[in-house]
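Protein chains in written order, with my numbering: chain A, 1 to 113; chain B, 114 to 231.
No lab work stands behind these hints: they were computed from the structure.
No experiment lies behind these values; they were computed from the predicted model shown.
Honestly, I wouldn't trust all of these hints.
[What the hints assert, rightly or not] Estimated spans, in silico, between C-beta atoms of each pair:
hint : chain 1 : residue 1 : chain 2 : residue 2 : range
1    : B       : P210      : A       : I63       : 22 to 30 Å
2    : B       : S175      : A       : T8        : 39 to 47 Å
3    : A       : K69       : B       : G198      : 35 to 43 Å
4    : B       : L168      : A       : R16       : 37 to 45 Å
5    : A       : L80       : B       : E196      : 33 to 41 Å
6    : B       : K170      : A       : E14       : 37 to 45 Å
7    : A       : S9        : B       : G198      : 24 to 32 Å
8    : B       : G129      : A       : E66       : 55 to 63 Å
9    : B       : Q154      : A       : P21       : 14 to 22 Å
10   : A       : P21       : B       : T151      : 24 to 32 Å
11   : B       : L168      : A       : E66       : 30 to 38 Å
By construction, the Cβ of each residue, glycine as well, lies at the ideal position given by its N, Cα and C atoms.
Below, each chain spelled out in residue letters.
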Amino acid sequence: DAKTTQPTSMDCAEGRAANLPCNHSTISGNEYVYWYRQIHSQGPQYIIHGLKNNETNEMASLIITEDRKSSTLILPHATLRDTAVYYCIVRRNYGGATNKLIFGTGTLLAVQP
Amino acid sequence: DTGVSQNPRHKITKRGQNVTFRCDPISEHNRLYWYRQTLGQGPEFLTYFQNEAQLEKSRLLSDRFSAERPKGSFSTLEIQRTEQGDSAMYLCASSLPPRLAGTTDTQYFGPGTRLTVL
């Protein structure tokens, strides 16, 4: 599975959009981009995933560049409860040799009041 | 809430003791995963079950670790002769197999069991 690079930490003002970048320059054609977050002392929470098209759900939007080498997770109106570590993970589809998720160290997003 | 549940949530034990953790996946999820997370790091994969079959094990899963899923529903993770280095959060996740071509199996995590070995 392709490796990802994320900033170690970011700040965001409450009520503003939080834009979390992720680089995955070695991504291959059948690999999906997944985002999870982990609030302190809790299990990771699934946010969203995509292959090549932009995706949106009730939690966030995922923007994937046309060459698929990077993506951005957008939280449209960040709240204090969005303070967490955000993980960007690239993973093969179900037909791949592995089903495991490979986590990096993620981005610590601190939403400021 | 019918999410993944894990018990106990916290476990404190003395070095050398055996411990067992339980994971109950989301109903009808036939795939189950165990991960371990140490302080400041992301979760690391330990093992994966599809129904009752253990299909993949990480090299992190030493001989002191054993995981079972006897009836393809709940799973247990046992650590024998615990060491201080085993102190970590143990996470369980479950997923459905993809049902349509081009879809994926999204993993949903439980709250974890925090183990402290004294």
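Could you check the structure against the hints above and give me the numbers of any it violates, in ascending order? Violated: hint 2 alone.
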